[in-house]
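Chemist: Residue numbers (the numbering used here), protein chains in the order written: chain A, 413 to 716; chain B, 413 to 716; chain C, 413 to 716; chain D, 413 to 716.
Warning: the hint list may mix true and false statements.
Where chains are identical, the list cannot tell them apart; a pair therefore holds if satisfied intra-copy or between any two copies.
Straight-line distance between alpha carbons at most 20 Å, and here's what the computed EDC-like set of lysine to aspartate or glutamate pairs gives [unchecked claim]:
{"#": "1", "residue 1": "K571", "residue 2": "E595"}
{"#": "2", "residue 1": "K694", "residue 2": "E661"}
{"#": "3", "residue 1": "K493", "residue 2": "E661"}
{"#": "4", "residue 1": "K571", "residue 2": "D596"}
{"#": "5", "residue 1": "K431", "residue 2": "D499"}
{"#": "6", "residue 1": "K461", "residue 2": "E516"}
{"#": "7", "residue 1": "K631", "residue 2": "D693"}
{"#": "8", "residue 1": "K565", "residue 2": "E705"}
{"#": "9", "residue 1": "K461", "residue 2": "D596"}
{"#": "10", "residue 1": "K694", "residue 2": "D499"}
{"#": "11", "residue 1": "K565", "residue 2": "D596"}
{"#": "12", "residue 1": "K626", "residue 2": "E681"}
{"#": "13", "residue 1": "K431", "residue 2": "E418"}
{"#": "14", "residue 1": "K541", "residue 2": "E516"}
{"#": "15", "residue 1": "K565", "residue 2": "E516"}
{"#": "16", "residue 1": "K493", "residue 2": "E705"}
{"#": "17", "residue 1": "K461", "residue 2": "D447"}
None of these hints come from the bench; they were simulated from the model. Here the structure is a predicted model, which is why all the values come from computation and not from measurement.
Number of protein chains: 4
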Amino acid sequence: MLDYQEVLNTIYANAIQEKNKGIVASYIPELKHIDASNFGIHLRLITGKTYNVGQAETHFSIQSISKVLSLAYAFSLVGNKLWQRLDVEPSGNPFNHLALLELEHGIPRNPFINSGAIVIADILISNLKNPKEDFLNYVRDLTNDTSINFNKKVAQSEKNTGFTNYAAANLLKSFNNLENPVEDVLDFYFHQCAIEMNCTQLSNAFFAFANQGKCVLNKTRLTSSQAKRINAIMLTCGFYDEAGEFAFEVGLPGKSGVGGGIVALLPNEFVISVWSPGLNDKGNSKLGMQALEQFTTLTKRSIF
Amino acid sequence: MLDYQEVLNTIYANAIQEKNKGIVASYIPELKHIDASNFGIHLRLITGKTYNVGQAETHFSIQSISKVLSLAYAFSLVGNKLWQRLDVEPSGNPFNHLALLELEHGIPRNPFINSGAIVIADILISNLKNPKEDFLNYVRDLTNDTSINFNKKVAQSEKNTGFTNYAAANLLKSFNNLENPVEDVLDFYFHQCAIEMNCTQLSNAFFAFANQGKCVLNKTRLTSSQAKRINAIMLTCGFYDEAGEFAFEVGLPGKSGVGGGIVALLPNEFVISVWSPGLNDKGNSKLGMQALEQFTTLTKRSIF
Amino acid sequence: MLDYQEVLNTIYANAIQEKNKGIVASYIPELKHIDASNFGIHLRLITGKTYNVGQAETHFSIQSISKVLSLAYAFSLVGNKLWQRLDVEPSGNPFNHLALLELEHGIPRNPFINSGAIVIADILISNLKNPKEDFLNYVRDLTNDTSINFNKKVAQSEKNTGFTNYAAANLLKSFNNLENPVEDVLDFYFHQCAIEMNCTQLSNAFFAFANQGKCVLNKTRLTSSQAKRINAIMLTCGFYDEAGEFAFEVGLPGKSGVGGGIVALLPNEFVISVWSPGLNDKGNSKLGMQALEQFTTLTKRSIF
Amino acid sequence: MLDYQEVLNTIYANAIQEKNKGIVASYIPELKHIDASNFGIHLRLITGKTYNVGQAETHFSIQSISKVLSLAYAFSLVGNKLWQRLDVEPSGNPFNHLALLELEHGIPRNPFINSGAIVIADILISNLKNPKEDFLNYVRDLTNDTSINFNKKVAQSEKNTGFTNYAAANLLKSFNNLENPVEDVLDFYFHQCAIEMNCTQLSNAFFAFANQGKCVLNKTRLTSSQAKRINAIMLTCGFYDEAGEFAFEVGLPGKSGVGGGIVALLPNEFVISVWSPGLNDKGNSKLGMQALEQFTTLTKRSIF
């Protein structure tokens, strides 16, 4: 029988001796001083059994991983009418996301490119009383952990330098695909991205997607169909311009963030979270991607 | 327990009373006279059990579905060095495939867009003694059916009118990503696309992808890892610009062709083939897409 | 000998009986109530002789025509180092100006597309003590008319709705091609565009470009070489995506604005200003374009 | 008074001591062995007076310069209905000409990008009895020189390697913007580009554009209006992606070819031809561009 702890230990041993650990993201000033030698994994089986290795309890900025949580919240609040304002197709092109938005008349390709996540943020603001608090509480409930919080310095740091996001939000606004003021939407969006978690919390937060929509406390957070659909979007769009590569090499739905976190899952089987802050040239955690490739190779588990 | 025959019957009943059956492809003159009221399904479980409904024995032009078979053959012949000449990322953009090829210096996005399939054809020609015969034999072996053949009239018809493919092949040639003469590569490619099958044969041909690389006769045609990877590419790139939508709505790896065929599969479980010649505006079989959505909804089976 | 007044009268007679006068721009709310039946022309020969017809004394919003004046001011202030931050090539593509900016790493194609004019605005702000006043004074001096002013309501109207310009400015900022805060640059830019003139003032303002850099008072405002170069940019880039068409049909350097104004000139010969608020589908004054075609046809004068 | 011979001598002296002479085009194998130290100029005034310096009598491949001559011929044969099949706007974008053609549904941007020149070639074939001979005779008549000829080796060389042109022609065909077979059109096109001239012949061939449509023998070859319009297209589109730059720096209508030739003209004043085989990174003759900048600077003559 498969010894998961041994698998994690092997991956960890490989990771720590890897010399090229990628480049820590520097475009968010608050993040650029993170130590690239951090490496942690947490695995939670659907049965509740858990395994971890390395810095699985160290907090990091989840960044774009939050897009899955905001999508889940918006999807559960407004249902399929969400898809009137954005699409579910992979974006393909790395160098001209705004171009795509222009060509497609302000309809973002999917909820995981920035413009799509900004539309989701706008939907949440329109549907929540206290958007930031309500969202934080949603994430805490999903994870069953009230200690989860925003890092306000990181949020502020993005606010001061996130000009591309301001460009995207204004472009959406010019196409009438943003109901609320740009400033409000981006304030929410930058906070959402600035949530901090460790690997253990991340596995718990994503448990519902592996568990037919039921969270770690076994409460239904999403319909089974919604959970499946979000998994489908993670598989086709979860890794920027490396989504096809991740499906090809790893074969699990997942999502990465520029903070160096990656979470992936096999429906009805497990959730696995990895953190290693150095990124590859596509903006995904370099050792994190390798770790998940090794994990599916060693365990021979994937959706394919 | 799930009665698959009943499921197929329900889908069939829905399909035949659907008024809008889509538009039969007219850009290949030989195909435009097919009767849009044809509708057939064939389901083959991994156990060998089979079910069918409607015109499951009528032959049709498999067209782009052949791209999976040529990829499988090339992958088994040359292995991973295949990926030096093309990528595995979804293509995204519907209106400018050649643009993408230009921007990315002649490296096709994936093996299922035309330029990618043309590169695969080039690889096969370089590695086979009698390319067309050898490929036909490969497909016959995979399917365990020596009656499978090219429709030479369809191949000729594409040859006379396939100017976009000539454009793509010449563009590849200009980027030194085509070893053989354009005419030879496209002659092979048009023949490959002009293979005819019925739904039953299609399920058999794709059985190996659901069965860890082992074909209907249980002979190993691909490694288990290669089969998984081809499934991953089918999921992310199998439906032109509707790949995300298909993953989202159906949740199975699959491939469609403009002849109106679609084949999809759940690894280790089943292969299902549908044929309905009318296409939707993305170029996929309209009722075929609906049939597969109904199938996964009724059976609650998907990779997610 | 050519009777210019008769030529203007003929053009006027043709214009007022034209039924399709184009569509008044509605994207700037303050402008959309202008009466489309307005039509005026003013012609100033290099000799000082002037001719006019119709509403040549009615004020209108010069909008993008102001981009030539801001370019001239910036060019005279900083000289050729201007061209480190923007290019002089026609932009070609109508539907994806931001795309182009992304692809070309934040270097606008030319000073007359919005992103280019925003860079010019940024340069002026960095080089002027009181940017808005100083610019207004520059324009008044050039025109020898102290009554010229901003329409603050129009400026405010654009500020409230100019999301595409906010998108462009933020994108420039993300590429480090904007020194000043987005809000400051756009405040200046919206004021600059909101200058009001009549046809007579416009001809006077542009006199320097026809007169080797010397303004109506014969004072040197630009070197002769700078004037020529600005004329060259007007010819290749002055009419959005209709620049080639204007060169082809009219054959004069010129600039249009969405307020319905067009100014054109033949170096060493004349400046001509037309105003007709209805636009064609490229965003240029419909009857204004026709008037200038008729003018060059009737007078047989063009740079070619 | 201006001594033109002295001006040419100065330019020549500057050119021969320039160390970086650009790179001789290698993509047409037959051209890559030309000696980069060749440099010649020929100037013909409208009065008939001529001046030259350097290798003004050495023949070179006129390549894209021929596009002006084929446009003139087609324009004189079919008139304005030409413009139903192509546009007159600058193309702007260097890296994706085919992309543009796709986006704009097979209507080339202008007659001087390859796809546009291929459409012109198609029009000539449809309207001429013996296309290649007739075109050659047209050029000989225009130039008053029966010694002008195709270099068949160069034509054949392009035929063997011009895959991008085959791609463009097939793409045009797929949009129904090519009446004749691709092979026939490109055979004509490659011959047209393979015409050889020296600087003197080139000035004579283009004399009609400077002379209101009348050729060196003073016979009318084009209407005055057609000549002006072709000049306008040369100015806005004559130098690939450097057209704006050429208008800005030189200020004359002109056309360059990868053989290293450039011809430019000031209407009613002169035609000037330069040849220097080394190209800059935009594909225009490096020293040729510099020579023309010096010429307009020293003589202070330009259309602006």
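Chemist: Hint by hint, note whether the structure agrees.
Modeler: Each hint, compared with the structure:
1. K571 to E595: both (9 Å within a copy, 15 Å between copies)
2. K694 to E661: Only inside one copy: K694 and E661 sit 15 Å apart there, 28 Å across copies, limit 20 Å.
3. K493 to E661: between (33 Å within a copy, 15 Å between copies)
4. K571 to D596: both (11 Å within a copy, 17 Å between copies)
5. K431 to D499: neither (40 Å within a copy, 27 Å between copies)
6. K461 to E516: Answer is neither; intra-copy 45 Å and inter-copy 45 Å both fail.
7. K631 to D693: Neither: 39 Å inside a chain and 40 Å across chains, both beyond 20 Å.
8. K565 to E705: Answer is neither: 33 Å inside a copy and 46 Å across each miss the 20 Å cutoff.
9. K461 to D596: neither (41 Å within a copy, 57 Å between copies)
10. K694 to D499: Classified as between: cross-chain Cα gap 14 Å, same-chain 22 Å, threshold 20 Å.
11. K565 to D596: Intra 17 Å, inter 25 Å, cutoff 20 Å: intra-copy only.
12. K626 to E681: within (13 Å within a copy, 25 Å between copies)
13. K431 to E418: neither (22 Å within a copy, 58 Å between copies)
14. K541 to E516: Intra 31 Å, inter 42 Å, cutoff 20 Å: neither.
15. K565 to E516: For K565 and E516, neither the intra-copy (34 Å) nor the inter-copy (32 Å) Cα distance is at most 20 Å.
16. K493 to E705: between (36 Å within a copy, 19 Å between copies)
17. K461 to D447: neither (30 Å within a copy, 56 Å between copies)
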